[in-house]
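Q: Here is what each chain is made of, one letter per residue.
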Amino acid sequence: MSAIKFSKIRVLETGYRSAAVNMAIDEALIESIDESPVFRVYGWRPAAVSIGYFQSIRDEVDIEKCSEIGVDIVRRLTGGGAVLHEFELTYSFITKRYPQNIMESYLWICEALLMSIKRLGFNASFVPLNDVVINGKKVSGSAQTRRKGVLLQHGTVLLNVDVDKMFSILKVPSEKIRDKIIKDVKQRVTSLEGITFDDMASSLKTSFATKFDARLVSDFLSTNEVSRAKCLTEGKFSSKEWNFRR
Amino acid sequence: MYKSQKLIRIALEYDERENTINSITISGDFFLYPEEALEALEAQLIGTKLERDTLKQDIDRYLKNSEAYGFDSISLTEAILGCKTE
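Respectively, the protein sequence lines represent chains A and B.
Note that the numbering used here has the first sequence beginning at 1, numbered continuously upward.
Note that the numbering used here has the second sequence beginning at 1001, numbered continuously upward.
Isolated chain A, as found in the complex (with noise of 0.2 angstroms):
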C-alpha cells in the first residue's frame, strides 16, 4: 500500500448546492489545486441525479419524471452508473500526489472512508473497484478521473435510501424485470441509519488526517474558485452540450 503522506489537507464543506455548481466546484478544484491535497464535503439541493461520464441520459433518466418532481440532473467527470443524491454525504478528494495503480488509489483513497465509517459503530468492509459495503450491502461508491497530473475522487455514503423514489426516476434496461431490479437493489443497498450529516463530515475528517497523518486546514473556496465554479456551471454542467453528450 502506498505511503503517500501530505503535511496538511485543505477542508472544504461547501454546504448544499444544486448539481451543475456541485460538479463545477469539483472540475475548479482539479485546475486550482497545488501542493496540498483537498478534502471537500458536501450535499445536494435540490435532490440531483448524476450520471457516469460514459452514460446516456436519455437511456438512464426518466428527464420528464425529473422536471415534475424538481430533481436535477447532471453528467460527472466520472464514469459509473447514475446516482441519485439527496439523503447522503457526499465528498471529493482532490491531489497531486497518488498512487498510479488505479485500483491501488481507490483502496488508498476508500481506505479513509471504511476508518470513517467504522468509526461511528458499523461494520464495513471495501469491495473493489470503488464500494463500502455494510454486512455485503453497498452504502458507498466512489468514482475517480484524473486529468493533466491530478486525481480526483469523489464518491457519496448513504444516510438514508429511497429505492422506490430512485427507480421512478431511473430507467431500467427491462421495463418486464422492473419489480425485481427493485427488489434487488432494495436487498443489495443500506445506509447509516441514524447519523447525521454533519456526524459524517466529522468522522470522515478526522479519518482523512489519520491516513494521510495530515493536519486538517479548513477552508473557503477562494475568489477565483468561485468564479471558476461559476463559469463552468453556466457553460459546461448546465448546457445541453454537455449533459445530452451521449
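Since the hints were derived computationally from the structure, they do not count as laboratory data.
All values reported here derive from a predicted model rather than from experimental measurement.
The beta carbon of each residue, even a glycine, is placed where N, CA and C say it ideally should be.
Worth double-checking, as some hints may not be accurate.
Some chain A residues judged to face chain B by a derived CB distance under 10 angstroms, without partners named [to be verified]:
{"#": "1", "residue": "Glu60"}
{"#": "2", "residue": "Gly79"}
{"#": "3", "residue": "Thr145"}
{"#": "4", "residue": "Arg147"}
Given chain A, put chain B in place with the hints provided.
A: Then chain B, alone, in the frame of chain A:
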C-alpha cells in the same frame, strides 16, 4: 444492450453490404481511463469490419494505452456484434 460486468449500450449504424461500421456510440456505467479513450475508440472503429476477430483485435489495439473496468475487448466485441441481430 449487453450485460458484461457493467452494462454496455451500443448505438450502431453499419453498411450491410460491406459489413462495416458507419458510426458507433458506446455508453454505460463502466470506467475507462483516460475517459477520452472512448471517443477516440468510437472514431477509430468507423470502417472496421463487423467480424469477431477483426473487431476484437482493433479494440485491443485502440485501447492498448487505456484501462477499462467493467468491460473488456471480448465483451465489447460481443455487444457490437449483438446489434446486428437485434
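Q: Give a verdict on every hint.
A: Hints, verified against the model:
About 8 angstroms separates the beta-carbon of Glu60/A from the nearest beta-carbon of chain B, less than 10 angstroms, and the hint is met. Taking 10 angstroms as the C-beta contact cut-off toward chain B, the hint placing Gly79/A at the interface holds, the least distance being around 4 angstroms. With its C-beta approaching chain B no nearer than about 6 angstroms, Thr145/A sits inside the 10 angstroms limit, and its interface hint holds. A cut of 10 angstroms between beta carbons decides the hint on Arg147/A: the least distance to chain B is about 8 angstroms, and the hint holds.
Checked against the numbered hints given earlier, the structure satisfies every one of them.
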